[in-house]
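Enquirer: Spelled out from the first residue to the last, the chains are:
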Amino acid sequence: MKYVDEYRDPAKAKKLIKEITRLADGLATQRGRPVYIMEVCGGHTHSIFRYGIENMLPPSVELIHGPGCPVCVLPIGRVDDCVAIAEHPNAIMTTFGDAMRVPGSKRSLLQAKSLGADVRMVYSPLDALKIARSNPDKEVVFFGLGFETTMPSTALTVLKAEADGIRNFSLFCNHITIIPTIKAVLDSEGFQVDGFLGPGHVSMVIGTRPYDFIAEYYRRPVVIAGFEPLDILQSLWMVLKQLDEADARIENQYSRIVPTDGNRAALQAISRVFELRPFFEWRGLGSIDHSGVQLNARYAAYDAEKKFSVPAVAIADPKSCQCGEVLKGVIKPWQCKVYGKACTPQTPMGALMVSSEGACAAYYQYGGDPRVTVDNPLAGERAA
Amino acid sequence: MNASQENTLATLSGDALEDTRIRRSKMQSPLITLAHGGGGKAMRELIDDVFIAAFSNPTLNTLEDQARVPLTELARFGDRLAMTTDSYVVDPIFFPGGDIGKLAVCGTVNDLAVGGATPLYLTCAVIIEEGMQVETLRRIVGSMAETARAAGVSIVTGDTKIVGRGSCDKIFINTAGVGVIRQDHQLGANLARPGDRILVNGYLGDHGATILNARGEMHLSSPIQSDCAALHGLISTLLAAAPGTRFIRDATRGGIASVLNEIAEASACAIEIHEASTPIRQEVKGFCEILGLDPLYLANEGKLAAVVPEGEAEAALQALRGHPLGREAADIGAVLTGGRAGRVHMQTVFGGRRIVDMLIGEQLPRIC
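Protein chains in written order, with this note's numbering: chain A, 1 to 384; chain B, 1 to 368.
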């Protein structure tokens, strides 16, 4: 495939791996432990597993799979609220594909659909608007979720609904912001990540400047990375190079997509319709201040939480679930007590088993590299 | 009916039949209504004018409640009867490269053929949602008849039911198939052995990508067509060239990934495939890139995976490539010596290695 295969060239990968190994071996010897690099974004986690990148890397560098899978971190209580809206007799719930499977405390949207709720998969929030236009007697709700990547398209949809005078459309808003989340992870106890792969698509919207504090205040290097396998290897090499030079700055490997100042039109749309929530609950991480957005007063008429009464009950994550520790890199997925036993992709207990972008689901489905096999006491049980 | 009667019937064409055994009724209504399932005149019209007219053959035309097949006839083809059944529900019912009718014949023919059977007879049971245009039904049934004729199988008995609006999605078709397996064919998912090669007969994922695209939600224009085809001819070519073939399976729902997992599990072996040698069209790859899908899990309707002993693999590959339905056949991997039983791995183009697991639920497009 033109413009794709170029980023999957095994010969170039070999060269990068050699350089990564040289740098990481040196750094690991200094530290007396492997170098820990966190990829913040779920899209990166997915690519890392899909291309088998993790087992190409030397043992001197370990990847910590961060909190950037928006489907995974959605708390159970919010899923319950969404299901409650979907089950309203006059509602049509619309959402992206992988959000349909996220389990609530009673059921997922997919299960609600099988019981008769009108739940439809869309590829763009604008499709939800189309459904609203052709069903004037129904209230069409878009289950909006994701980081700054998907926020602009939701914002533009609300603006379009306003411009076209569509009143039977509303948003169940679960959009979250990346910066407070990274900060919360950095401040968490026992956090020992040496550097970051910065999220590519989020940065396409917000630009590279919002990460400056990570280099300045926390002295950790950040390389904003693309999603092709060579992007990821090159970015890892760039992080290691900074560490080797005892440097900490924000670099942009994904410059073909990410402008330093982000996308002004997208940011304007976001700030026109959204405002920060005082706090937002994350599955696995708990409540994080200013980490979520909601529609502002001007667009309150499009807020599904105001149009429908929702239970809004906070539901705690199951006690045995150790997603928070995995997200922060304190333990590896297979070191969790319930991984592969009570918690599998068919019956996810924790956030990270929910979507293929979650670290645990990715290990479960794509894992099985030699390192996992050696370290993983559960591996044998799984194969059986 | 004795043999001479049957021969006589077989030589009669449609119009002549009307004078002998069957009095054809013509459909009066342009729409299918609940009346066409009521057991009366309207139903008779539907059966005669749409189904019998299209499928016409001596066994069916007797209109008995069961098809009667002489055992001596069956015994000519081998020593074991093969039976299978499959129901077909697809949205949309017409798609580039085929329709639900063609699918219903090819799918069941293939389910027989992959066991080494010669497919001989099919049944056809349809459940139709009221309100369907008779012309639409004729197109589907015509497609079934044409596909069956090309595959050399007869549709010998059937059933029609009409249900109210909303009780089914336009039309559901069930076909059962009967075939006979030759004495020397012994195929099984549990027979894969270390060193065996895994062959496929061409590009994977075409059907799945076509159906997703034909639903029109993505607004992508694409030249991808369903690969829907009856594979029994190809399979008999393969078995002639590689008589030691261990196992054949058509890679329908769940795609090639699911078939490989079934083999690895049943034979308690590990399988490794190579992304670089796995044939997937550029268009299908691009489609999957956009939607975040994995082509290894996309359905096929004219693709098979064959497990062939190493020594016969080259001959098998050449035989497949010599057949019109196997031009792009490829050797995509092997059964490993050692490795964890039940596991399927893929060497990625990029030089990594990953597990190819069974699909969990349905593949859903990713959020971003």
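Hints in this document: simulated from the structure, not taken from any laboratory.
We put the beta carbon where it would ideally sit given N, CA and C, even for glycine.
The reader is advised that the hints may include incorrect statements.
Label-pair restraints from in silico Cβ distances [what the hints assert, rightly or not]: (1) B:P194 x A:T260: 35 to 43 Å; (2) B:R327 x A:S134: 41 to 49 Å; (3) B:D65 x A:K2: 33 to 41 Å; (4) A:D187 x B:D294: 51 to 59 Å; (5) B:E146 x A:K337: 37 to 45 Å; (6) B:G188 x A:E189: 51 to 59 Å; (7) B:G216 x A:E325: 41 to 49 Å; (8) B:T33 x A:Q346: 19 to 27 Å; (9) A:N135 x B:D79: 54 to 62 Å; (10) A:N135 x B:L71: 55 to 63 Å; (11) B:A35 x A:I315: 32 to 40 Å.
A partial selection of chain B residues facing chain A, derived with a Cβ cut-off under 8 Å [said to hold, decoys possible]: (12) N57; (13) V89; (14) R281; (15) T348.
Enquirer: Hints first: check each against the structure and report whether it holds.
Expert: Tested hints:
The given range of 35 to 43 Å is broken by P194 (chain B) and T260 (chain A), whose C-beta atoms sit roughly 55 Å from each other. In this structure the hint that R327 (chain B) and S134 (chain A) lie 41 to 49 Å apart at CB holds, the actual value being about 44 Å. In this structure the hint that D65 (chain B) and K2 (chain A) lie 33 to 41 Å apart at CB is violated, the actual value being about 59 Å. Between D187 (chain A) and D294 (chain B) the CB atoms are about 37 Å apart, so this pair departs from the stated range of 51 to 59 Å.
Checked against the hint of 37 to 45 Å, the pair E146 (chain B) and K337 (chain A) fails, with Cβ atoms roughly 59 Å apart. Checked against the given bound of 51 to 59 Å, the beta carbons of G188 (chain B) and E189 (chain A), roughly 56 Å apart, stay inside it. Checked against the hint of 41 to 49 Å, the pair G216 (chain B) and E325 (chain A) passes, with Cβ atoms roughly 45 Å apart. Between T33 (chain B) and Q346 (chain A), the C-beta spacing of about 43 Å breaks the proposed range 19 to 27 Å.
For the hinted restraint 54 to 62 Å between N135 (chain A) and D79 (chain B), the CB-CB distance of approximately 60 Å keeps it satisfied. Between N135 (chain A) and L71 (chain B) the Cβ separation comes to about 59 Å, which falls inside the hinted range of 55 to 63 Å. Between A35 (chain B) and I315 (chain A) the C-beta distance comes to about 53 Å, which lies outside the given range of 32 to 40 Å. Hint on N57 (chain B) is violated. Least Cβ distance to chain A is approximately 41 Å, over the 8 Å limit.
The criterion of a C-beta within 8 Å of any C-beta in chain A is not met by V89 (chain B), whose closest approach is roughly 15 Å, and the hint is violated. The beta carbon of R281 (chain B) is not positioned within 8 Å of any beta carbon in chain A (closest approach about 10 Å), and the interface hint is therefore violated. The interface hint given for T348 (chain B) is met, as the beta carbon of that residue sits about 5 Å from the closest beta carbon of chain A, less than 8 Å.
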